[in-house]
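Each chain, written out:
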Amino acid sequence: MTHCLDSAGLIPVPGQATVAVVGMPNTGKSTLFSQLTSAHAHIGNWPGLTVDLMQAELNLEGRSVQLVDLPGIYDLRGHSEDEAVVRRFLESTPVDLVVIILNASQIDRQLRLALQVRQLGLPALLLLNMADEARRFGVGIDLDQLARHLELPVLLISAKYRQGLAQARHAIATELTAAEPGEGRPVRDLEARLAAADDDLAGSMASMLEAAVTFPAQWRDGLTRRLDRWLLHPVLGLPLFFVVMALMFQAIYALGVPMQGALGTVISNFSQHVLSPLLVSWPPFLRAFVIDGLVLGIGTVSAFLPVIFLFFLAMGVVEDSGYLSRAAFLMDAFMERLGLDGRSFVLSLMGFGCNVPAILGTRVMRSSGLRLLSMLIIPFSLCSARLNVFLFMASVFFAPRQAALVIFGLYLLSFGAAILTALLFKGRFASEEALVLELPPYRLPTIPQVLRRAWAEVRHFWFWARRFIIFGVVSIWLLNNLPLGVAPASAQSLSGHLGELLQPLLAPIGINPRLTVALVFGFIAKEIVLGGLAVIYGQTASSGALGHALASEVSWVQAVSFMLFTLLYTPCLSTVAVIRTESKQLGFTLFSVLWSLILAWSVSFCFYQLAWLVGWR
Amino acid sequence: MVDLAAGEFGTVTGLGVEAGLRHRLAALGIKPGQVVKVLRRGWWSGPIHLRVGMTELMLRRVDAARIEIRAGDPSHLSP
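Chains A and B, in that order, are what the protein sequence lines are.
Residues 5 to 621 in our numbering are what the first sequence spells out, letter by letter.
Residues 14 to 92 in our numbering are what the second sequence spells out, letter by letter.
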């Protein structure tokens, strides 16, 4: 059982021991946590991804233990938000045992954190993780010596390969037996204690390392060295990266789109053959509301879940392998000139799958200016939902070769809009944040690890997106079907009136009332645009009838204008919601929506009017 | 540090950065007395890729410029 809690909100249960897990980012801390608890904790090769505290109850040799996963921190005296969270936690919560987890191969610098915990006088236990890497890199650790110097139990484990976990559990249980449960106390004068001992830290660390650890005379990670020679190559590095990404997206669509189709068919069959007969006695309005509103809307989004799952699976592999940090290195110079940094680039890239997780990913940034500017550009990433619309429209209005060029042009425009936005607003969202990132050695992610993570991400996405999507779908359906008795989405319906109402604004960019209604659908989610057009024109998209109906009424210039607008305006309500929750600023959220609408309208206007002047119709 | 070429070593002599970054750098292994090696410098004045002890890092040049260093070949690689 896992749930999030506030940094200082843990209430100890009588008779239950509280064990806190403390460690640096990139040490496999979250992997260990999920291995110990079988819980779904998020792990990543990127420093500082764990933001909410995770806790789980577990039974250790008959004793009930509350295990709390604290955020990865570099330094108990550090100035980051996470570091403050850990300090607040230790000052406010009685802890019976602190489990310190360090990367064994980087003990030369990480031992510092163990020494800081010891200075606090808390009962502690040291786990040296990534035993496999320490072996690979030739770092030898004399555990007995280290334990004697630290006066703490020390164990060597590999959480990823499940080595030493049983011993670790046993050691935790033994330490808890030695102390009475409930004896733990919150730390008093934490800052003062740490400051007082800071001067001795370097000296005692050096003498301990001298006594207990042997380092290789030469850096041994030949694999990383060889890979970096190519992957970080000054000329070839970036093209190679883009090729890898292109292949990855290809694979996601090649696998995901048929899965999406199959799931969509299952859901529509269920709605048609199971749900419809069941609701036959309901009043028609209510029945249509459930079937054509609720089920159609939720079905469209659920069908999208396989693509999201695959996307996170692929992204998990790239991220856990250590390649994403390299992308940050390669692109940082360019991004710096846009007022952003290498991490913003990586997140925009994730946005090409889905904008929502990309915006969640900005949590790794400390400076609020940098975070907000990143959130402002991510929605311009041409996500897979928009690609669906473009693939369909391009195939209706253009010959295959031209269609490919149109799609390619839209991708270029997507980058262009992000770059323009950053250049325009970098002054308003200035950031002085220094960029110091670890470049971890290349690692082979394990299958259970990436599967578990992708599953957790999908569950998380579904959990919070659900309510929001239901609300949006319901309102759109009502707009289309009220007042009672009108033909759905007709000129007499509310959405028809809306289409007419918006004509003064949208006619100059070539959007007719019917297309306007589709754009209103698209505000909820781009997944609904095609379905919306199908309802409006009364034709299904798959048979080709919708294409004919569209082409008979809309010129290719109008179609391109529609695509430009669709690319640039608000991607979906989910993205708006996540910008709202992550920025915690309503004003910024409105600004982001408004800016994307202004940009979309201006680009479509320029295109449509120019095309008109040139004589294209 | 910003003046070290790829492949060169240096010993950190001082950190001209504010407290927050100094703590972060120290935790990542960059502190006075520590030997660092520049592995590569990014294109277009991009970040510096360096190795400190058993850790590899990227650091922007503007930040690296604030780290004082005594250039030179170290007799030892290990920390």
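These aren't lab readings, by the way, just hints derived from the structure by calculation.
Hints may be right or wrong, so weigh each one.
Taking CB as the label site, the calculated pair distances span [said to hold, decoys possible]:
1. A:415 to B:46: 47 to 53 angstroms
2. A:251 to B:75: 31 to 37 angstroms
3. A:249 to B:19: 23 to 29 angstroms
4. B:46 to A:189: 32 to 38 angstroms
5. B:33 to A:412: 27 to 33 angstroms
6. B:30 to A:98: 32 to 38 angstroms
7. A:399 to B:58: 41 to 47 angstroms
Backbone N, C-alpha and C fix where the C-beta goes; we use that ideal spot for every residue, glycine too.
Right, here's what the structure says about each hint:
no. : hint                              : verdict
1   : A:415 to B:46: 47 to 53 angstroms : holds (49 angstroms)
2   : A:251 to B:75: 31 to 37 angstroms : holds (34 angstroms)
3   : A:249 to B:19: 23 to 29 angstroms : holds (26 angstroms)
4   : B:46 to A:189: 32 to 38 angstroms : holds (37 angstroms)
5   : B:33 to A:412: 27 to 33 angstroms : violated (44 angstroms)
6   : B:30 to A:98: 32 to 38 angstroms  : holds (36 angstroms)
7   : A:399 to B:58: 41 to 47 angstroms : holds (44 angstroms)
The structure fails hint 5 only (numbered hints given earlier).
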